[in-house]
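**Q** Each chain, letter by letter, is given below.
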Amino acid sequence: MLKYLIRRLAATALVITLVSMSVFVIFAYLPMDPARLTCGKACTPSIIEANRHRLGLDVPVQVQYGRFVKGLVAGRHYGEGVASFDCPAPAFGYSFNKHACVSTLIADAFPVTFSLAIGSFILWLLIGVSLGVVAAKRQGKWQDKASTAFVLVGISLPTFISGILILLLALKFNLIDPIEMGRWVSPFTDPIGWARNFIFPWITLALAFAATYTRFTRSNVLETSSEDYIRTARAKGLSEKVILRKHTLRAALAPIITIAGLDFAGLLGGAIITENIFNLPGLGRLSIRAVLVDYDLPVILTTTLLAAVFVVVMNLVVDILYAYIDPRVRVA
Amino acid sequence: MAQVEQVEQAEQVEDDVATFSIVQRTPRQIAWMRFKRNKVGVVSACVAGFFFLAAYLAPVITRILGLSNTLTYSTTLNNFAMPIGASGGMSLTHPLGVEPGAGRDLLSLLLYGSRISFSVAVITSVASIGLGMLIGITTGYFRGKVDAIVGRFSDFLLSFPSTFMIIALALPLTQRVEALKIAKGNGARIVVLVVFFVFFGWPGFARLIRSQAFSMRERDFVMAAQALGASSWRIITRELLPNLWPTAIVFLSISLPGYLAAEAVFSFLGVGVQAPASTFGLVLSDAVTYWRDDPAYLIIPSVYLIIIVLSLNLLGDAIRDALDPKAVKA
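Chains as they are written, first to last, in our numbering: chain D, 389 to 720; chain A, 24 to 353.
Bound-form chain D, shown alone:
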């Protein structure tokens, strides 16, 4: 197990390094000059050059990457003299347009995205797994047909349409206060206000995911139910409840962990559409705004990198969990 762990950890570190390098290089060779983007209309070549130097963009890309990595660990100092400023570690860069360290912007946005992700994650797992189990247990009956209909609607309804419809219905029936909408409320100070803020985004996101999870759970439970050891369990007189809980679900849900982990990681990077529709100030909206409003390169670079890191790290976590559940994986 330890050997497996070390091997996977090393591979993950390598992938993160490679992904971050390639993202960094891609952005460095974009046909856009980040220094030019730092100043508005009253721009002179000398200001651009000064800003280029202050942001450390006047050195080769490999040096920039080195400084970026160093900044992540040790924080970063920009410019000299009076005009200098610091970004404490982990320093992802400095957003000239927002006059803030990118780490500050991320720190503000991440709790929103995390709240959105964790709530909808719980919701869609509950709905998807229970509907899937019911559909499998009542195969061919009305419950199964109803869940099939739910799956079809959920899969065919793009998130941006269901999101808009849910938002507009909530506005129509005064379930959302349009002025309060999108204001961040901490779950520690006001848990009810927090949940009220997030309930409709949660439903929007959960709807799309719950559909695929229902389908997946149903087929997995059906497949496991025809295994010999389930028949054995039934033959030795175990109740259906115990069989389902201790034997069927244990085997059927293991592969769901993998998918659930990766889907969750994908959302941690920012649920762009949902955040956009519900005006939630999370990572997804931060990056789409950064692209559309002023092409704020340091912010875009960071959100893209973070999204990749979440997925890679969650891949590792899921693999370890899986190796723990299923010993055969470790050898392969």
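Careful, some of the hints might be misleading.
[Stated by the list, open to error] On the chain D side, residues computed to face chain A include the following (Cβ under 10 Å):
| # | residue |
| --- | --- |
| 1 | 406 |
| 2 | 407 |
| 3 | 527 |
| 4 | 544 |
| 5 | 547 |
| 6 | 558 |
| 7 | 559 |
| 8 | 562 |
| 9 | 669 |
| 10 | 676 |
| 11 | 678 |
| 12 | 689 |
| 13 | 695 |
| 14 | 700 |
| 15 | 706 |
| 16 | 708 |
[To be verified] Have a look at the derived ranges for each label pair, beta carbon to beta carbon:
| # | chain 1 | residue 1 | chain 2 | residue 2 | range |
| --- | --- | --- | --- | --- | --- |
| 17 | D | 514 | A | 47 | 48 to 54 Å |
| 18 | A | 80 | D | 445 | 49 to 55 Å |
| 19 | A | 95 | D | 437 | 45 to 51 Å |
| 20 | A | 318 | D | 682 | 32 to 38 Å |
| 21 | D | 623 | A | 65 | 42 to 48 Å |
[What the hints assert, rightly or not] Only pairs whose alpha carbons sit at most 27 Å apart, straight line, appear in this in silico DSSO-like list of lysine-lysine:
| # | chain 1 | residue 1 | chain 2 | residue 2 |
| --- | --- | --- | --- | --- |
| 22 | D | 458 | D | 486 |
| 23 | D | 624 | D | 525 |
| 24 | A | 62 | D | 525 |
| 25 | D | 634 | D | 525 |
| 26 | D | 391 | A | 62 |
| 27 | D | 629 | D | 533 |
| 28 | D | 629 | D | 525 |
| 29 | D | 634 | D | 529 |
| 30 | D | 533 | A | 168 |
| 31 | D | 624 | D | 634 |
| 32 | D | 629 | D | 529 |
| 33 | A | 59 | D | 529 |
| 34 | A | 62 | D | 529 |
| 35 | D | 533 | A | 62 |
For the record, the hints were derived by calculation from the structure and aren't laboratory data. Just so it is clear, the structure is predicted and the values come from calculations on it, not from any experiment. Ideal Cβ placement from N, Cα and C applies to all residues, glycine included.
Using the hints, position chain A against chain D.
**A** Structure of chain A alone, referenced to chain D:
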């Protein structure tokens, strides 16, 4: 399904014993028979085909109806630039009503919009499946170093946050495409979108094909071909490819609605096709601003898109059931 098939075939054989003729069926005929029996599949194929044709014949249809997707029908709007009449100004001349604000005909907008969406979806699916097929077969059949390198590279691609990359890079790359004079305006945006979708889309399919080619090369019919001295090229094109087509068709039917919706999402977010074109994403993001005064403008395009995606999804399920009855829906 397979068992029913066998029983039926057995009955058929018994019936035919008297005349000593046994009906032979190719796998393709069997699949087609299965598909024809699936009512939902046939209906959704008709619906999807109808919308597909309507999209491609958009210029013809609008000409027959005497409409245009660029003309503004200002007489259909009131002083507040809202459509006159119920349901977003539905009338015989404008079957789906008119757009508030500018006053363009909604049916023509949707026809031309679905034309873009379908084009993106079809080109992307075909290209990424073609690329995935090529790479999957090559790596699965030849294995060795190529397989290891390509495998690592596709793992690497799969860990990229593709949505973020598309959003972040669409704008600068569109400018690059325009500077290289490959295409202009929305043409350039479509090129960028398709290239991105294909770039991030092929690894999934290549993996699937690789694993199938991997196991197939050990089968007897491939060994027989090798023993007869067939070249690798011949084995790939004559022995492997015919067996991999069903997988490709199933994958195509699954990825079409996905890319169709993806195109809508990116234009909705403002990084895809832009006005004056009229894709679903653009119409819907415009409709959100008018929802209180003109809900029909929001509902009609939504329903239009949902019907297309739903029928494509149902069609995909039916195709999968017909080609691979053993597959469990996952």
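**Q** Next, verify each hint and record whether it holds.
**A** Results for each hint:
1. Below 10 Å, beta-carbon pairs count as interface contacts, and residue 406 (chain D) has one with chain A at about 7 Å; its hint therefore holds.
2. A least Cβ separation of about 6 Å between residue 407 (chain D) and chain A falls short of the 10 Å threshold, and the interface hint therefore holds.
3. Here the hint on residue 527 (chain D) is broken, as its CB sits about 12 Å from the closest CB of chain A, past 10 Å.
4. A cut of 10 Å between beta carbons decides the hint on residue 544 (chain D): the least distance to chain A is about 4 Å, and the hint holds.
5. Satisfaction of the interface hint for residue 547 (chain D) is found here, the shortest Cβ-Cβ separation to chain A being roughly 8 Å, below the 10 Å cut-off.
6. Using the Cβ-Cβ criterion of 10 Å, the hint placing residue 558 (chain D) at the interface with chain A is not satisfied: the shortest such distance is roughly 12 Å.
7. A hinted interface residue such as residue 559 (chain D) counts as satisfied when its beta carbon comes closer than 10 Å to some beta carbon of chain A; here the least separation is about 9 Å, so the hint holds.
8. A least Cβ separation of about 13 Å between residue 562 (chain D) and chain A goes past the 10 Å threshold, and the interface hint is therefore violated.
9. Hint status for residue 669 (chain D) relative to chain A: violated, with the closest Cβ pair at about 16 Å, above 10 Å.
10. The interface hint given for residue 676 (chain D) is met, as the beta carbon of that residue sits about 6 Å from the closest beta carbon of chain A, less than 10 Å.
11. Interface hint at residue 678 (chain D): satisfied, since its Cβ lies 8 Å from the closest Cβ of chain A, which is below the 10 Å cut-off.
12. A cut of 10 Å between beta carbons decides the hint on residue 689 (chain D): the least distance to chain A is about 8 Å, and the hint holds.
13. Because the beta carbon of residue 695 (chain D) sits about 3 Å from the nearest beta carbon in chain A, less than 10 Å, this interface hint is met.
14. For the restraint placing residue 700 (chain D) at the interface with chain A, the shortest Cβ-Cβ distance is roughly 5 Å, inside the 10 Å limit, so the hint holds.
15. Of the supplied interface hints, the one on residue 706 (chain D) is violated, with its beta-carbon coming no nearer than about 13 Å to a beta-carbon of chain A, more than 10 Å.
16. For the restraint placing residue 708 (chain D) at the interface with chain A, the shortest Cβ-Cβ distance is roughly 16 Å, beyond the 10 Å limit, so the hint is violated.
17. Checked against the given bound of 48 to 54 Å, the beta carbons of residue 514 (chain D) and residue 47 (chain A), roughly 51 Å apart, stay inside it.
18. A beta carbon spacing of about 52 Å between residue 80 (chain A) and residue 445 (chain D) agrees with the range 49 to 55 Å that was offered as a hint.
19. Separated by about 48 Å at the C-beta atoms, residue 95 (chain A) and residue 437 (chain D) satisfy the suggested range of 45 to 51 Å.
20. The given range of 32 to 38 Å is respected by residue 318 (chain A) and residue 682 (chain D), whose C-beta atoms sit roughly 34 Å from each other.
21. Checked against the hint of 42 to 48 Å, the pair residue 623 (chain D) and residue 65 (chain A) passes, with Cβ atoms roughly 43 Å apart.
22. Distance restraint check for residue 458 (chain D) and residue 486 (chain D): the Cα-Cα separation of roughly 23 Å lies within the 27 Å cut-off, and the hinted pair is therefore satisfied.
23. With a C-alpha separation of about 20 Å, the suggested pair residue 624 (chain D) and residue 525 (chain D) falls inside the 27 Å cut-off, and the hint holds.
24. Proposed proximity of residue 62 (chain A) and residue 525 (chain D) is supported: the alpha carbons are some 26 Å apart, at most 27 Å.
25. Taking the CA atoms of residue 634 (chain D) and residue 525 (chain D), the gap is near 15 Å; set against the 27 Å cutoff, the hint holds.
26. For the suggested pair residue 391 (chain D) and residue 62 (chain A), the alpha carbons sit about 54 Å apart, so the restraint of at most 27 Å is broken.
27. This hinted pair checks out: residue 629 (chain D) and residue 533 (chain D) have alpha carbons roughly 23 Å apart, not beyond 27 Å.
28. Restraint check for residue 629 (chain D) and residue 525 (chain D): satisfied, since their Cα atoms lie roughly 11 Å apart, inside the 27 Å limit.
29. A threshold of 27 Å between alpha carbons decides the hint, and for residue 634 (chain D) with residue 529 (chain D) the separation of about 24 Å falls inside it, so the pair holds.
30. Restraint check: the Cα-Cα separation between residue 533 (chain D) and residue 168 (chain A) comes to about 48 Å, which exceeds 27 Å; the hinted pair is violated.
31. As the CA atoms of residue 624 (chain D) and residue 634 (chain D) are separated by approximately 14 Å, the hinted pair is consistent with the 27 Å bound.
32. Straight-line distance between C-alpha atoms of residue 629 (chain D) and residue 529 (chain D) comes to about 19 Å, which keeps the hinted pair within the 27 Å bound.
33. A distance of roughly 25 Å separates the Cα atoms of residue 59 (chain A) and residue 529 (chain D); the hinted pair therefore holds under the 27 Å criterion.
34. About 19 Å separates the Cα atoms of residue 62 (chain A) and residue 529 (chain D), which keeps this hinted pair within 27 Å; it holds.
35. Restraint check for residue 533 (chain D) and residue 62 (chain A): satisfied, since their Cα atoms lie roughly 16 Å apart, inside the 27 Å limit.
This entry does not satisfy hints 3, 6, 8, 9, 15, 16, 26, 30, going by the numbered hints stated previously.
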